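Enquirer: Just so you know, the protein sequences line up as chains S and R, in that order. Each residue of the first sequence is one higher than the last, beginning at 1 in the numbering used here. Each residue of the second sequence is one higher than the last, beginning at 1001 in the numbering used here.
Please keep in mind that the hints were generated in silico from the structure rather than gathered at the bench. Here the structure is a predicted model, which is why all the values come from computation and not from measurement. Hints may be right or wrong, so weigh each one.
[What the hints assert, rightly or not] Calculated lysine-lysine pairs in the DSS-like style (CA-CA distance at most 27 Å, straight line):
#, chain 1, residue 1, chain 2, residue 2
1, R, K1099, S, K20
2, R, K1099, S, K66
3, R, K1052, S, K41
4, R, K1060, S, K64
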Amino acid sequence: GAVVSQHPSRVICKSGTSVKIECRSLDFQATTMFWYRQFPKQSLMLMATSNEGSKATYEQGVEKDKFLINHASLTLSTLTVTSAHPEDSSFYICSASPIIAGGYNEQFFGPGTRLTVL
Amino acid sequence: GNSVTQMEGPVTLSEEAFLTINCTYTATGYPSLFWYVQYPGEGLQLLLKATKADDKGSNKGFEATYRKETTSFHLEKGSVQVSDSAVYFCALNMEYGNKLVFGAGTILRVKS
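Modelling step: build the complete structure from the supplied sequences, incorporating the hints.
Expert: Shown next, in the form of structure tokens:
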């Protein structure tokens, strides 16, 4: 149980185009989903926290208009990288927390999406 | 602010060697502590966790004890295998919070 999928696993796009990455919780409902960015040989950087039905909360330094996050349902969140540039190339990972009353809400991670912008 | 510091890698060991990856934290309040593992090309998997002082998390032969007095959560394994080669992340989460704060990650390479 507690499986999170991401699609696509890899994407290559031209500079200036937009790319959408999907994150799905397959066997549970997630009140909260998180989007991380991971640079080579570096740790995960939290980009934003999204709650179903409300606007995402972005971390300091993350451009809201650049990285659009939609959390339309309890099992799906999307990250759209708009007008992508080579510096946006990275490994993007999502995680999801199930609905649990009280206590720590564990995060389950997706397998990641490798974005390469040419 | 809250932060996690891990020993720098890469750590290279021979099969069946003893493993220690150091992790210390700084936090206001009482965090829960975690170790995640990332295999090549994959996302993160929770390896073990501890939610209060003196708790020991364990899984797949790995162990870590939550030491409040030294603000540490060192990861240990008595006998590593080649299949343990991965990146290991120490992380914390504040009580009833959702945000994970990660350390920089430590690459482990196990040679046969």
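Enquirer: Take the C-alpha atoms of R/K1099 and S/K20, compute the straight-line distance between them, and say whether it is at most 27 Å.
Expert: Holds, at about 24 Å.
Enquirer: Are the Cα positions of R/K1060 and S/K64 separated by 27 Å at most?
Expert: Violated, because 40 Å separates the two Cα atoms, which is more than 27 Å.
Enquirer: Does the alpha-carbon distance linking R/K1052 and S/K41 stay inside the 27 Å limit?
Expert: With a Cα-Cα distance of about 30 Å, the restraint between R/K1052 and S/K41 is violated, given a limit of 27 Å.
Enquirer: Given the proposed pairing of R/K1099 with S/K66, does the C-alpha separation stay at or below 27 Å?
Expert: 22 Å, holds
This entry does not satisfy hints 3, 4, going by the numbered hints stated previously.
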